[in-house]
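Work out the full structure, taking the sequences as your base and the hints as a guide.
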Amino acid sequence: MRSHRTRRRVPPDQQRARRPAAPPPGPAVPRAEVAGGHGGIATRAGGRIVEKPTNAVERAFYAALRAGRHPGLLGVLPRSYTAAEVRALDGRDGAGDDTTHVYLAHLTHGMTRPRVLDIKVGSATASRRELLTSMSRARARIKKTRLTLADRITGSATRGYRVVGSTGLWRGSRLAVGRASEEIVRGLSLEPGVYETLAAQLERIRTAAAGTGLAFLAASVLIAVDEDPYAADPARTVRTTLVDFAHTFGPDTQSPGQVAKYRDRFDAGLARLIEDVRAAGEARRRAERKRGS
1 MRSHRTRRRV PPDQQRARRP AAPPPGPAVP RAEVAGGHGG IATRAGGRIV EKPTNAVERA
61 FYAALRAGRH PGLLGVLPRS YTAAEVRALD GRDGAGDDTT HVYLAHLTHG MTRPRVLDIK
121 VGSATASRRE LLTSMSRARA RIKKTRLTLA DRITGSATRG YRVVGSTGLW RGSRLAVGRA
181 SEEIVRGLSL EPGVYETLAA QLERIRTAAA GTGLAFLAAS VLIAVDEDPY AADPARTVRT
241 TLVDFAHTFG PDTQSPGQVA KYRDRFDAGL ARLIEDVRAA GEARRRAERK RGS
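Under the UniProt record's numbering, the first residue of the sequence shown is numbered 1, with each subsequent residue one higher.
A portion of the hints provided could be inaccurate.
So the derived label-pair ranges between C-beta atoms look like this [stated by the list, open to error]:
1) Gly91 with Ser255: 45 to 55 angstroms
2) Ala271 with Leu175: 18 to 28 angstroms
3) Arg79 with Gly211: 11 to 21 angstroms
4) Thr158 with Ala67: 36 to 46 angstroms
5) Ser134 with Gly172: 25 to 35 angstroms
6) Arg286 with Ser136: 49 to 59 angstroms
7) Ala176 with Thr145: 16 to 26 angstroms
8) Thr207 with Ala287: 41 to 51 angstroms
Think of the hints as simulated: they come from the structure by calculation, not from any bench.
In this text, all values refer to a predicted model and were calculated from it rather than measured experimentally.
Glycine included, every Cβ here is placed at the ideal spot set by N, Cα and C.
Shown next as structure tokens:
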């Protein structure tokens, strides 16, 4: 026999104002941590910093930033720390050090109810020549084939980007998530102001990336929207950062032609994402005007 429980009535003066729930934007896979990276990520310093295992390329990239290289990227990338700096903040050693990990500001720290999207930018997520710098020809060929197939199946080969992770959305395979990328972007928020702010932040990332001379292969934009306070001020609840630099390269390691090819692919993908974000915001704005008429 099914039991019935009486729901407790909340007095009107204690009820929180409600707003419409955002529709489920489509299938997506959950991230282990919402800070840029993959498995093995841990939080440090009371949740302010994430500890991410990565390769030598990404570790060197962040070390160069701390040394003053590419100042135009400041403000569009997460702040990075050394292992010693993080140890001074929380008094523990963690899983590794500067030879194995990077330590990054946590994008969602301080948010009440964040919704996160991890979007891989670029029509291609692998370069055979870049892969050959870290693996054999046979392994590079296999990995390039696999990633190229994923680019085609998910649509990012023509779209220029794909969603690869998220929080608070339906679960599904990575391929299904990628195919639903535009739907997921359109369902990120009900607030047109969120999309308008996001588009401006993405434009800033695009400008900063273009000024570096680097090819951001398989890099992502990580987007966080705090769903709790956005009704008061949408602009203050949107945070966006460029992450994942394990395959970033420049003219010091690859030919100018290779660098230019992947720079163009990254820029075109980001331009398409900005276009889709703006279109989603305009659609929300039209719906808002229609409700008010």
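Going down the list of hints, with the structure as the test:
{"no.": "1", "hint": "Gly91 with Ser255: 45 to 55 angstroms", "result": "47 angstroms, holds"}
{"no.": "2", "hint": "Ala271 with Leu175: 18 to 28 angstroms", "result": "24 angstroms, holds"}
{"no.": "3", "hint": "Arg79 with Gly211: 11 to 21 angstroms", "result": "19 angstroms, holds"}
{"no.": "4", "hint": "Thr158 with Ala67: 36 to 46 angstroms", "result": "38 angstroms, holds"}
{"no.": "5", "hint": "Ser134 with Gly172: 25 to 35 angstroms", "result": "30 angstroms, holds"}
{"no.": "6", "hint": "Arg286 with Ser136: 49 to 59 angstroms", "result": "54 angstroms, holds"}
{"no.": "7", "hint": "Ala176 with Thr145: 16 to 26 angstroms", "result": "21 angstroms, holds"}
{"no.": "8", "hint": "Thr207 with Ala287: 41 to 51 angstroms", "result": "30 angstroms, violated"}
Going through the hint list in order, the structure does not satisfy hint 8, though it satisfies all others.
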